[in-house]
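Undergrad: In the order they appear, the protein sequences are chains A and B. With my numbering as the guide, the letters of the first sequence map in order to residues 1 to 247. With my numbering as the guide, the letters of the second sequence map in order to residues 1 to 562.
What the hints contain is simulated information worked out from the structure, not anything from laboratory work. Watch out, some of these pointers could steer you wrong.
Unchecked claim - Here's a subset of chain A near chain B, in silico, CB distances under 7 angstroms, partners left out: (1) Tyr-19; (2) Ala-27; (3) Leu-31; (4) Cys-34; (5) Pro-115; (6) Ile-118; (7) Tyr-119; (8) Gln-217; (9) Phe-218.
Please read all numbers here as calculations on a predicted model, not as lab measurements. Positions of the beta carbon are idealized from the N, C-alpha and C atoms, including for glycine.
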Amino acid sequence: MFAIYKKELRSYFMNAVGYVYLGVFLAVSALLCCYTTLGAGTYDTSTYFTFIPMIFIILIPLLTMKIFSEEKKLRTEQLLLTSPVSITGMVLGKFLAAFTLFAIGLVISLTSFIPLCIYSGMDGLNDAFPDSIGPVASIIFSNFLGLLLLGAAFIAVGMFISSLTENQLAAAVITVVIIATMLLLNLVNGFIENYVVRFILSWISFLSRFAPFQSGQFDPSALLYFVSTSGVFLFLTVRIYDKRRWS
Amino acid sequence: MKTSTGRKIRYGGTSIAIVALVIAAVIVLNAIVTLLTQKFMWYGDMTPELKFTITDECFELIGEETDNGQNSAIEMVKKFRQENADYNKANPTAEKKDENEKIKIIFLYEEDIAAQTDGYIYNNAKELQAKFPDYIELEFTDAMKNPKRFEKYLSSNADTIDFNSVIIEFGGTHKIDIFKNFYIFDNTQGKPYQYNAERRFAAHILAVTRAQMPLACYTVNHRESFPTAPGYDFQSVTYPFLRSLEEAGFETRAIDLEKEEIPEECKLLITYNPRSDFIDTTFDRKGELKKLDDFLSAGKSYMVFLDSSAGELSNLESFLDEWGLSIRRESNREPVVVKDSANAVLGNSSAIFTDYAKNDLMNGWAENIYDPVIFENAMVIEYGKDYKELFETLGTDSTKSFSYGYNDSFPPQGRVVYPMFYTRDTAVGYASGEDIVNSTATDPLMLMAVSTQTFYTEEQIGNITKTLPYSASVVLCGTTEFASADYIFSDAYGNQNLLLSISQISGNEPIPVNLTPKDFANYNIESISARAATIYTVVLTLAPIAIASLAGVIVLVRRKNK
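Could you build all of it, start to finish, from the sequences and the hints given here?
TA: This is the structure in structure tokens:
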């Protein structure tokens, strides 16, 4: 598994994908952060963290579209299937590589908060503004954790879709559609009268599961939801390849 | 065989079954954890203000006996249940009373919408339920789909109910509040700066369980008809009035204003049908009027019901005059009383139908007073002398509120008089047997009015000194028969609803509760300039693109050259 992981991670930086992903993500997140905080004159990061998941809808499929589709297209899939590494190990290795790149981007994006910390220090030293709070570490941590979990679930979904088709574009588009649907499912609740239907949609929706992290509330059931969603899609990916190996 | 079994598991029907089983197990596990998390509130509160968390002080206030021996809300619930159980045992054939009644917190949305509309209030209510699961329950009912469910609250309480209301109910008593009241707003910017939910929840729970009730005092040393000892005199003319106050959730107490001080916990003072004047011993006001001054300066409320047969009470009326309210009297000091043959109750031209005034105060209340309000033998009220002179000078529309002694200082000072009820245009005011004044559509005769004054106090919120408003109010009604049994206990008239409504004038909270609201953090960046923000934005946006591009180019060039 570790060999697959290293190989995948290296491949992100051996071609344009990794750089494009990081460059675009960091630029967009920095722009969003500055616009919603510095530009608005507030330390409140809630608007920033509300919009960041929307960026993932486009960017994460870029990461995941080639994971299995490329292998299929280049016919290197057989090598993987006949290698001594288990299917589970292979899938996990690829998942962890994509997740590592995603996490690297997310960690580097925290540098966007440096100006907030600088101004927080300046406000704190100024006696005229003694109760200015600055960026709240607990809220940022809560959102960061939520984004990591959300990203993991998105990557797992993307990998599953990628394993179904050899066409990278198709994989990307389908992943975008599915992620967007699962993220924004509860937005239709405003049009639904039936409480049970609304409850189910909210239960499935990634956005409603992410909402507690956004508002600074740690929700163990949301944590389990994201972990289990990631697990289910990885499991399904393993089943797909298991079937291919043995059919 | 083995291979066949392996293939079945790997990609046969068994494989599909295994996948379905795994997914089902994951769903069940998630459902169990979600239910347990919601039931036991396993959430972590990471907000700096701890907005999602109910403090231990609040739980103690609701759940434990106080230092002065006062029952907690939970103790009162237990007592109530025991009383019901005893009643059921003693009356086996009668309709059973609920031996397990709980305090209900009712939202007018379904649960998911309530959670979305205000997550803080929703979570606090859930915490209360999780802490006292045997005594507190939550109800989420869509008021749009089930309007009948809430009819009883509208008919017995003149407060407004809308979707953003929360109803706290126990044992037939309820309090209605709105989400907005769970926050304290900065008057200058209209933004919330404190979160007040646990204080309001605690106050309402203590009120509905009668663990603590707001205190209303009524004066008894001017030959009023109130009983001076506890208990009802059911034959007394004041019985409907006292009963209405208690239904409004007040504890009532007699007070000899000459001999006693007004208790600090008293929120509402009433003078009903005084037959002798108030004492004002010296020019600089000592005595009863001084006590009234001090009481009102603390932001309390005072209601006066006068009867035309009592004669002029010059000290009391001069006090009311300072608040912009006076009884209209002729030169011989006879009050002007109204009659209206065209709009009278059962041919009694002295018992008349009235119209409410069109102003901010009455527009809010009048929505929930569906039945006509009757005034009998009512004296005409007018603006106080100085108020009237200012009013006439400015020629302001008499139907709206008017500021008395208003000035341009900040914060603004002054008393504002709101007319409450007027006669209709067929009414006539008479005195000494002669018709004195006719009511017209443009100039009706006023029968009830309220004068309010806003005071300001400074409070330290962290290191910031904030100016906070609080209000005092004086209500003058020109008849005592407004609160007579004929009108208060009749479903045909709105007198009781109005009385309940104006008794709630006394402050925003039903009872004072010693819990500190939670300050919202100040998220403003004070030191930043627009130019600096732009520079940071440009640098932080372009830098990753530049660095990633450079790194990518370097790596790709090196690969090519290898």
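Undergrad: Hint by hint, say whether it matches the structure.
TA: Consistency of the hints with the structure:
Using the Cβ-Cβ criterion of 7 angstroms, the hint placing A/Tyr-19 at the interface with chain B is satisfied: the shortest such distance is roughly 3 angstroms. About 5 angstroms separates the beta-carbon of A/Ala-27 from the nearest beta-carbon of chain B, less than 7 angstroms, and the hint is met. A least Cβ separation of about 5 angstroms between A/Leu-31 and chain B falls short of the 7 angstroms threshold, and the interface hint therefore holds. Checking A/Cys-34 against chain B: minimum C-beta separation of about 4 angstroms stays under 7 angstroms; hint holds.
With 7 angstroms as the threshold, the beta carbon of A/Pro-115 comes within range of chain B, its nearest partner Cβ sitting at about 5 angstroms, so the hint holds. For A/Ile-118, the shortest C-beta to C-beta distance to chain B is roughly 9 angstroms, which exceeds 7 angstroms, and the interface hint is violated. A least Cβ separation of about 5 angstroms between A/Tyr-119 and chain B falls short of the 7 angstroms threshold, and the interface hint therefore holds. Hint status for A/Gln-217 relative to chain B: holds, with the closest Cβ pair at about 5 angstroms, below 7 angstroms.
Satisfaction of the interface hint for A/Phe-218 is found here, the shortest Cβ-Cβ separation to chain B being roughly 3 angstroms, below the 7 angstroms cut-off.
When each numbered hint is compared with the structure, a violation occurs for hint 6 only.
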